[in-house]
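Asker: Top to bottom, those sequences are chains C and B. Residue numbering for the first sequence follows the numbering used here, beginning at 1 and increasing consecutively. Residue numbering for the second sequence follows the numbering used here, beginning at 1001 and increasing consecutively.
Hints are computed from structural coordinates only; laboratory data are not their basis. Heads up, a few of these hints could be off.
[Claimed, not checked] Below, a sample of chain C positions facing chain B; criterion: calculated Cβ distance under 8 Å: (1) Gly30; (2) Ser39; (3) Pro40; (4) Arg54; (5) Phe59; (6) Asp67; (7) Gly121; (8) Asn122; (9) Ser141; (10) Glu144; (11) Asp147; (12) Pro153; (13) Ala157; (14) Ser167; (15) Leu169.
All figures in this text were calculated on a predicted structure; none of them were measured in a lab. The C-beta atom is built at its ideal place from N, Cα and C for all residues, glycine as well.
Number of protein chains: 2
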Amino acid sequence: MKQVVTVRRRALAANDEQADVLRRRFDEAGTLVVNLISSPGSGKTTLLEETVRRLSGDFKLAVIEGDVATENDAGRLRALGVPAHQVLTGGACHLDARQVAGALEVASLLPADILFIENVGNLICPTTYDLGEDCKIVALSVAEGDDKPVKYPAIFARAEIAVITKSDLLPHVRFDLESVRRQVATLNPSGRFLVTSAATGEGIDAWCALLLGRLNAKRSGTSAAGS
Amino acid sequence: MKQVVTVRRRALAANDEQADVLRRRFDEAGTLVVNLISSPGSGKTTLLEETVRRLSGDFKLAVIEGDVATENDAGRLRALGVPAHQVLTGGACHLDARQVAGALEVASLLPADILFIENVGNLICPTTYDLGEDCKIVALSVAEGDDKPVKYPAIFARAEIAVITKSDLLPHVRFDLESVRRQVATLNPSGRFLVTSAATGEGIDAWCALLLGRLNAKRSGTSAAGS
């Protein structure tokens, strides 16, 4: 057990080194990199589809998709005309910096204004792997229940933005939005909190505005890089 | 990377040994042990609450809850009068056999007719850790989307029963039930498929009947043990 922990620590240190190399590359390119993390089925890909529909006319977007299996998600983004590369982890439960570097080697994703990295559907493991991103963003669907931030505190403490998704389902599920807002605010007092629905469009413009604000802040050097 | 794989394999082998010890113990006690796996927020705890409400009058039930943080879930089951022990994994993304053995040491869970092990909310990592259970069962809520079996094939291939939850939300989400049924049948031709809703009660009696059938099969020696 101790040996597992030691080797895992060493692997994480190697990942951090690779992530720092990536971050320098992203900074030089002026690309905002967003690491999008959630449970399976929280609506990450749908949120990206809506983002692409609104922003791809004026901004160069690119996507790296992480999944255990299937090219489905990259296919959905490519169908909207955005360069998207699918990383298949072959059973692994998270993306690592090496896989992101590999994606940049084989796919024409840069230069871009915003590179979205949609991580493997998993609210736990992806949290500890730095991918060289500017920020982690967590998505939580209202169908998942209002106890999730305190049950999965690490990602909610680290995510710059917590995006609540599928708000159109609120009338049909038990989900105390104010309780979730309080949990997130306690875990990350400086984080942003956004309620969205791809079905009704609620909050999607605000989400896009937050992204563009973050891009401008990065380019004007007013925001701390790193995650 | 290679070293990580080697050490992980060794850890898994050690886990399998511990799981075999547990399995012999469960077999001697005549206890059916169910390892319940799903994404966060699929409704595992709610399914267990409904199961307890229906079966605890006639059967001795016990629960081990696995979570990264909070005692919430064990508390919900204990409130129904069922012995429930919370394992806090402290960031780890799955339960292992050592933690189950530890839970049996400190909590009075056996003898029991059925021991439910509600794994950490994660559709990937728990799949590879044998806990000495008789069967793995996967839950998938209709709000998670109908592409999940092919995207997370390992657990759907191994689970004896795939329980679709929150069917009351079907009118409000895009979820092709027949497509999911076909995906699951392809991944595990001998598996059972069940549609349930804790809100309306749909399928819950059938779920309980399946569990009792499995308990009888184990006790009469007509079912292959192991998972």
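Asker: Please list, smallest to largest, the hint numbers that this structure does not respect.
Answerer: 1, 4, 5, 13 and 14
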